[in-house]
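Asks: The task is simple: from the sequences and hints, build the whole structure.
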Amino acid sequence: PGSVSNYELQQLRIENARLKDELGRICILANKFLGRPLTSSAGPISPQGVNSSLELGVGRNGFGGVANIPGSMMQTSLEFVEGPVMSLTMPHDRNMLIDLALTAMDELIKMAEADSPLWIKSLDGGRDVFNQEEYMRTFSPCIGMKPNGFVTEASRETGMVIINSSALIETMMDANRWAEMFPCMIARSATTDVLLSPSVTGTKNGALQVMVAEFQVLSPLVPVRQAKFLRFCKQHIEGVWAVVDVSIDTNREGLSADPFQTYRRLPSGFVVQDVPNNYSKVTWIEHAEYDESIVHHLCRPLLSSGMGFGAPKWVATLQRQCECLAVLMSSTMTVQDQSGISPIGRKSMLKLAQRMTYNFCSGVCASSVRKWDKLCVGNVGEDVRVLTRKNVNDPGEPPGVVLCAATTVWLPMTRQRLFDFMRDERMRSEWDILSNGGPLQEMVHIAKGQAPGNCASLLRAGAMNANDSGMLILQETWNDSSGSLVVYAPVDVPSMSMVMNGGDSTCVALLPSGFAILPDGYFGHGGLINSNGTMVKTEGSSNESGGCLLTVGFQILVNSLPTAKLTVESVETVNNLISCTIQKIKAAVLET
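Numbering of the sequence shown is given in UniProt numbering, commencing with residue 1 and proceeding in unit increments.
Honestly, the hints are just simulated from the structure, not real lab data. Note that the Cβ used here is the ideal one computed from N, Cα and C, for glycine as well. All the pointers check out, no bait thrown in.
Below 30 Å or equal to it, Euclidean Cα-Cα: the simulated DSSO-like pairs (lysine-lysine) are:
| # | residue 1 | residue 2 |
| --- | --- | --- |
| 1 | K565 | K390 |
| 2 | K390 | K351 |
| 3 | K281 | K228 |
The following label-pair restraints were derived from C-beta to C-beta distances:
| # | residue 1 | residue 2 | range |
| --- | --- | --- | --- |
| 4 | S122 | L19 | 51 to 59 Å |
| 5 | C507 | A587 | 38 to 46 Å |
| 6 | I433 | I344 | 28 to 36 Å |
Replies: Below is the structure:
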């Protein structure tokens, strides 16, 4: 190699100076970010004292973050794949993202303040209503202007939750645990990039990561929301933490890298404060912009009310899930005498019920969890979505061609009344063909909360005898202020005996069907059906609407050969099953 020329030496010096300047800006931002100087094994880092082992993870090859986390999720393009999490963000991009995270955190804290002028109490005093004008005066758009045709969705909710702040933070910063905590709201989630890792082991203070997720409402009439966003965690004082999300798939001008984008996540998240008895006070903020035109008119009030994707839904789900965990972990929990199921058997059955519910949600919402093909059949109504897929090698499902049909309808009855009817095994024969025309008996009951409807249970036909095939029904139900769920699947006796003895439940083949009961979004209004069969609002005196939304979803194995062709008759059969079930439910409930 020859000697370096004066010109090349000068260029190297210029590049070195530029990199030092870049590092200086990173250190300044990080000092603001963490509230203290950056540290390494060699001591504090300053713009003048460059150290190669930055906790920011800026490596010599331009990559940073965590080099390899076995079993973690990474997203390539639009696909979720297993693999390492690696920071692919160049230093100048990282500066912008850190700055965006700081701005988003500041906005979240101000929106969470109890006396913030950004919220106005509703006329009934029960809900916080977003003050759009005050927001526009207070903040500059941190991810650009709202796209044409988008609408704003903003909500705030405060509640007491039986979980401490550190446990909640650990859950929220782990993509898999986050999805498990909100199973009916998050179809998929992954951490794709770690921008900043806390220097203190065992804490998430200052953690900044890029995540992708699919958010869902349990209705085929509401498209799944896909988002790529920053998640930033910061401890403000002892026992008080905040986590904020903000979309990063748009630029400063609000232009999306994806021309088909239909959803943007503005600064959203929560502030959590420890209170006595292992509880915490959580104030949740949800703020988004989305294309309302792709949402069916029946479900638009649900979304605008905040009960679809809003803060009331997140808080209600968190409260129910944490109560469930507390009940299941309680040392005073006893096995019901009539079930005779051991603690290990209980755990195995609950794991199976969890997978059943997850499978049902992925079918109703058609997220990317499974590869579905949409069908268009002439005799099927436009509000009924029919999907098909083939199972070849998943032992958790029967092999063959699976058909899923789902729809959402409005019913002129309260959510509670409909839920009580749907979970009553004595009324099962009114709508369920699996009941063989008679009432069902509950063999096993595992409570998952204080409310009587939050449980997993095992049912059987009351008229079973020695000649019966021995088919049982596994069922999970829950109910909270944001909605209700009834999911069930037929299972054979040998499989359930194995599960209740603590055996591995992953190989038990399930194909669940069920119902989601959602608010219709009309607070303080009743709903009526006009002569055309559509819902109209009428003034009412009660705080709860007189109607609700019912999502019906059936999954049926139409052929046990994965290579078989789907027939029109199969599609028409499941479509008729849905319409008949809805009619039977409506007639039975309105008669009682």
